[in-house]
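J.: Residue strings, one per chain:
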Amino acid sequence: MTSLKQTQALFMDYILSDKESDAAQGDKFSAFSSIITAKSEEDGKTRLGIYASAYRLRLIETIETDHEILGIYLGDELFDKMAQAYINAHPSSFRSLRHFCDALPQFLSDDSFFSQYPILSHIAAFERRLLNAFDAEEQPRASFTELEQLAPEHWPESQFRFHSSVQIFQCQSNAVESWQALKNAQTPPQPDYSIASAWLLWRGEERLTEFISLTEYQLVLLEGFIKGNTLAQQCELMLNYFDEEQAPVKILQAIRAWFEMGIIRAIA
Amino acid sequence: MTETALTQDFLGFGLGLRTNHFDHVLTNRPDIDWFEVLSENYMVAGGKPRYYLEAIAEQYPIVMHGVSMSIGSTDPLDMEYLTALKKLANDVQPQWISDHICWTSIHGVNSHDLLPLPYTEETIKHVAERVVQVQDFLGRRILLENVSSYLSYQDSTMDEWTFLNAVAEQADCLILLDINNIYVSARNHNFDPVTYLNKIDPKRVQQFHLAGHSDYGDYVVDTHDHDVPNSVWELYRIALERFGAVSTMIERDGNIPEFPALEQELQIARDIADKTLPELASQLASLNRQAQKQSSKTGVF
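These protein sequences, in sequence, are chains A and B. The C-terminal residue of the first sequence carries number 268 in my numbering, and the numbering is unbroken. The C-terminal residue of the second sequence carries number 1301 in my numbering, and the numbering is unbroken.
Among the hints, erroneous ones may be present.
[What the hints assert, rightly or not] The list that follows gives simulated cross-link-like pairs (lysine-lysine, DSS-like), each with its CA atoms no further than 25 Å apart:
(1) A:K5 x B:K1125
(2) B:K1125 x B:K1199
(3) A:K227 x A:K250
(4) B:K1048 x A:K183
(5) B:K1087 x B:K1048
(6) A:K19 x A:K39
[Stated by the list, open to error] Computed footprint of chain B on chain A, listed as stretches where at least three residues anywhere in the stretch have a Cβ under 8 Å from a Cβ of chain B:
(7) 3–10
(8) 28–37
(9) 52–60
(10) 254–261
[Unchecked claim] Among the chain A residues that face chain B by a calculated CB cut under 8 Å, a handful are:
(11) I15
(12) T46
(13) L48
(14) S93
(15) F94
(16) R95
(17) R207
(18) I267
Treat the hints as calculated values from the structure; they're not laboratory data. Ideal Cβ placement from N, Cα and C applies to all residues, glycine included.
Excised from the complex, chain B in its bound form (with noise of 0.2 Å):
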């Protein structure tokens, strides 16, 4: 990383951690080179959940990726759920910590869903001023993910890149490129994915996400239950030529698999990123020399 980079070396290929894995992960140790963990699943006092995330989190690195953080609400920012997400964050000590933009609840009632914001000048200075409050309570930049959405407003004046690169610029945060919610919300908003990625500025992107989706013709669901399709492959080949070398991983939901195949999927990317980028194998190489390090220095091996 040179010294005016914003984002942080290439981490690989992770996962998402869930909890019918825990197991196989402790026992069998898969090549999988980092895990991002739901941040709000393990705001518990104790318990398996937490158990599991210590144990796998002396292993792996980890980066916390949360649901509820409802950065672009009018309701105040929840400080009871930022204090939990920053001792979280301390003891777990993850590499980054990202959450979307959009907005979950309102009036204290929560959604549970990753509602879309209408795209206007008046949301931009919201959301900014909002994530230059939270990254000065956590001590750290956060990144954002562009949500899927099935709607959008009459009010917006400007198209969801434009939005997305203004927040990231105006309140100094990163950005987490979920490519199937790209193309999710290409087709049901009829533009063009591929200028989507030429639009957003790549200083700021520090992680890809992939999943599956249910396609209905007319809509597409943003499920998170199928494996990741070849469009989102194809985006995904696109997207690596234009950032480069970024921290890609799966999300799965729901139908989750065993373990293997998400291994097995996930090769697919590390494939897809071998052939698109030739440099990035002299990048792994050095990364899993670190990571040997580490593991020498902790007895892991």
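This is chain A alone, in the form it adopts within the complex (with noise of 0.2 Å):
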């Protein structure tokens, strides 16, 4: 009698084993068809088949659904290709698929093949930001009468706590314009590598996800108020960009765009 740990053992080894790629996959089967009951060695693959089969296509919609843009870019015959190696180098560990796809973007940017088309990867990690903000607990937000409402001498040592849903995506290359192109049903640009961009990603009030390009001090600004810098902090930082009457103006600016974007949850 097989006990049932091994039965459980002998079942997902062969689940997981790819009949294209794994050497063993044959013996797999062996072992585990021979504690089944079978009319045949044809009806065993059957019902066998069943649950190898159901095992990788839930995983490549979860993939398919997760990074719908990622598999138009790639198009079918290289996004089955990179499904499968996925799900081969990747058996999931998580109890919800939501996570399944974590580290497809590491993935991509590892593998020998994807890793030629760094682009790939940038287009994963936008899309798993996406999912994070999508997902994000919900927090109350602040108004920007909060901070006018502030004494001016508490200003210069007021923080900011920001919404869990704000994410930030920095990449080297022009993938988030790529991802917009083929959203739009349109034909993305070419690849371009000599491009630094940076976005804030965040889940609006009406509980959409929304997203926009940052400017190098816009960047610099979010970040260091992300780390708790205060605004005095930040207007000194504000000066290797701008002159002293302008960097004021600048962060104010940014502070009452963020607030309007329903980011800011709270002032410390």
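Using the supplied hints, reconstruct the complex from the two chains, each of which is provided in its own coordinate frame.
T.: And the structure:
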């Protein structure tokens, strides 16, 4: 009699094996099929095959759903090559399929074939950020009036706490522009790795995921506030970009916009 | 419910809550008695799914149905999962919590499938002990659902219904009887689905699932992407005769139609139940009165 533990190990070994790339797949099939009931070898193959196919199909569907635009960018053939390779390299250790593709950007940047096209990893990473913004915790949002009502002497030491959906995405390519083109059913531009771009993603009050590009100073400003810098520290930092008159104006403009976008949850 | 009854009162006829119906449900407040939600889909910090769940839970009874408890696995119970499940239950206050009598993961790898167990004394003991631990942790009885299966093990020493009854009895848990799964497995393993129904202990059956499947002739696959077929409706009628008024819902996970089409399908279940159980009409009337009272209290109308 096979123990329950052995039975489950044989079953999982078989499900995970890929008939295209796993030389031991035949042995795994034989080992597992020897403990099931089947009318014939063909019957056994069909019964086991239902589980093996379902496993792969479910994961492929997850990649398609979570990375719809990456899929379009790749086309059917390359998407399938990527999906099969990723499934083989990363059996799911998650209870929810929501996280199955968490390692996809890294996989694309490490894989010997796909790493030749760094934009793929960038598009995948951008899509992960969109998902993170989508289901981040809901939190209250502060208004600009709260800052206005703060006594002027408290302004310099003020810090901001950001909504949990706020994500910053940076890449050295036009990945987001390509993503946008495909989303609008347009032909994406040729990959351009001369561009360093930064994006702010968040989920708005209407529960829609939004994103905007960030200039260099906006990125530095946002990252500084997220790190916990005070308004006074940020003013000093902005002197690297603007003169003494302009710096506070630019900061105030940015902060007002952030309040309007709903990305600040509290003033500390 | 009498004092000795294990199961909860009849909740009526429900549907699985799916993301593409969120807005329809909130806007139109359809005449559905309750919704079943997939627990794992809402184990997130926030965002749209939680927003809609909380809004819909204010208006409808909710039942939580999971797919990742992996109660039959030989891996240790996933306490992180159970903690998240308990937290969700605290937030949502479901009528009950269910999962499947199967295993989904081993050695930390998740198949994301409901894999069958060998029906042996060893498995009964193993599963029942784990169900007891889960119920102690959650502080409530859970329901276990029979799964569709495509293979059976040489080591199995009993029928599926004997196994299911034994686990439910030893663990003192309840049963979610999936009528479609009984049909699918009966076809795949060549047993009589009516015998299955007749052998299940009625006092532990708290919920029915109905769904469609894909019929490939030699095999039937539980795909949840078709309407409930006549073969399953007929089995449902027989189940009602045996078990009486049991809370019933339709699962649809693929090729999901517009909400009104599912309402029409649910009406078929109501009609079959009305015809099969004439006394059900009075139970439903009482259920409606309770619902109206509850609604007036919460100011929904």
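J.: Hints first: check each against the structure and report whether it holds.
T.: Taking the hints in turn, this is what the structure says about them:
1. Only pairs whose Cα atoms come within 25 Å are accepted, and K5 of chain A paired with K1125 of chain B is accepted, the gap being roughly 14 Å.
2. Our distance criterion of 25 Å between C-alpha atoms is met by K1125 of chain B and K1199 of chain B, whose separation comes to about 20 Å.
3. For a cut-off of 25 Å, the pair hint linking K227 of chain A to K250 of chain A stands: about 19 Å separates their Cα positions.
4. The suggested pairing of K1048 of chain B with K183 of chain A holds, with an alpha-carbon distance near 21 Å, which does not exceed 25 Å.
5. A C-alpha spacing of about 18 Å is found between K1087 of chain B and K1048 of chain B, which places the hinted pair at or below 25 Å, so the restraint holds.
6. The straight-line distance between the Cα atoms of K19 of chain A and K39 of chain A is roughly 22 Å, inside the 25 Å bound, and the hint therefore holds.
7. Using a Cβ-Cβ cut-off of 8 Å, 6 residues of the region 3–10 of chain A lie near chain B, which meets the minimum of three, so the contact claim holds.
8. Given as covered by chain B, the region 28–37 of chain A passes the check, having 3 residues with a CB less than 8 Å from a CB of that chain where 3 are the minimum.
9. A stretch counts as covered by a chain when three or more of its residues have a beta carbon under 8 Å from one of that chain; for the region 52–60 of chain A and chain B the count is 4, and the coverage holds.
10. Only residues whose beta carbon comes within less than 8 Å of a beta carbon in chain B count, and the region 254–261 of chain A has 0; fewer than three means the coverage is violated.
11. Annotation: I15 of chain A was flagged as interfacial toward chain B, and the flag holds, the nearest CB pair being 6 Å apart, inside 8 Å.
12. Residue-level restraint check for T46 of chain A holds (minimum Cβ-Cβ distance to chain B is 7 Å; threshold 8 Å).
13. Annotation: interface hint on L48 of chain A holds; nearest CB of chain B at approximately 7 Å, less than 8 Å.
14. The interface hint given for S93 of chain A holds, since its Cβ lies 5 Å from the closest Cβ of chain B, which is under the 8 Å cut-off.
15. Taking 8 Å as the C-beta cut-off, the interface hint given for F94 of chain A holds, the closest approach to chain B being about 6 Å.
16. Contact between R95 of chain A and chain B, as hinted, is supported at the beta carbon level, the nearest pair being about 4 Å apart and thus within 8 Å.
17. Among the interface hints, the one on R207 of chain A holds; its C-beta lies about 5 Å from the nearest C-beta in chain B, closer than the 8 Å criterion.
18. At about 21 Å, the closest approach between the beta carbon of I267 of chain A and any beta carbon in chain B exceeds 8 Å, and the interface hint on this residue is violated.
Of the numbered hints listed earlier, those contradicted by the structure are 10 and 18.
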